Amino acid sequence: VGLFPRMMDYFTADGRRPTLQSCQQEAADSHVVIAIVAHRYGWIPDDQPPDEPRSITWLECERALATGKELLAFVLDGKNAAWPAESREEHAIAKAVTEGRATPELLADVQQNVARLGQFKEWLGRQVRPLLFSSKEDFQRQVSEALNDWRHRHPQLFTATGVEPGQ
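Residue numbering for the sequence shown follows our numbering, beginning at 31 and increasing consecutively.
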């Protein structure tokens, strides 16, 4: 839709994860932040306060809202969408059992992440109106529509560069 995404994929490939501060700065520097939430809680940065550690996605969403950015949230419809088992939080348990390395600690970690994912989805629902998607095509259509709508609501960001909304 004529926008330039900044994704974690674009950070320097140095074998290390970016810092919490750099991820939050990306969210603060963006015009709009898109959250995509399915069946994984995600990376929990170490460099955050120890009480109720949050995933990087949750922290970036918080930062976006705190800095007045619009947050577009897309949540997988868990009832109507097929999803690969290996892309679910629970897959770590099945894999560990198969490999003979399952532990009570792993089970506790996975259960905790599943609970945190539910809390994150609830939090998102209180902050914005998440859109449910049920397939890759449905997701692509909804993101495209949401970004086009966002562009039309923020023409001042495009007229300065000579690019008009809808072009």
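Simulated from the structure, these hints should not be mistaken for lab results. Values in this document were obtained by computation on a predicted structure and should not be read as measured data. Glycine is no exception: its CB is placed at the ideal position from the N, C-alpha and C atoms. Treat the hints with caution; some may be incorrect.
[Stated by the list, open to error] Under the rule of at most 30 Å between Cα atoms (straight-line distance), these lysine-lysine pairs were calculated in the DSS-like manner:
| id | residue 1 | residue 2 |
| --- | --- | --- |
| 1 | Lys109 | Lys151 |
| 2 | Lys109 | Lys166 |
| 3 | Lys109 | Lys125 |
| 4 | Lys125 | Lys151 |
| 5 | Lys125 | Lys99 |
| 6 | Lys151 | Lys99 |
| 7 | Lys99 | Lys166 |
| 8 | Lys151 | Lys166 |
[As the list claims (entries may be wrong)] Label pairs and their in silico Cβ distance ranges:
| id | residue 1 | residue 2 | range |
| --- | --- | --- | --- |
| 9 | Asp81 | Phe34 | 34 to 40 Å |
| 10 | Glu135 | Gln170 | 34 to 40 Å |
| 11 | Leu95 | Met37 | 43 to 49 Å |
| 12 | Ser117 | Glu92 | 21 to 27 Å |
Hint by hint, here is what the structure shows:
no. : hint                        : verdict
1   : Lys109 x Lys151             : 15 Å, holds
2   : Lys109 x Lys166             : 15 Å, holds
3   : Lys109 x Lys125             : 24 Å, holds
4   : Lys125 x Lys151             : 25 Å, holds
5   : Lys125 x Lys99              : 39 Å, violated
6   : Lys151 x Lys99              : 19 Å, holds
7   : Lys99 x Lys166              : 26 Å, holds
8   : Lys151 x Lys166             : 20 Å, holds
9   : Asp81 x Phe34: 34 to 40 Å   : 36 Å, holds
10  : Glu135 x Gln170: 34 to 40 Å : 38 Å, holds
11  : Leu95 x Met37: 43 to 49 Å   : 19 Å, violated
12  : Ser117 x Glu92: 21 to 27 Å  : 24 Å, holds
Comparing the model with each earlier hint shows violations of hints 5, 11; every other hint is respected.
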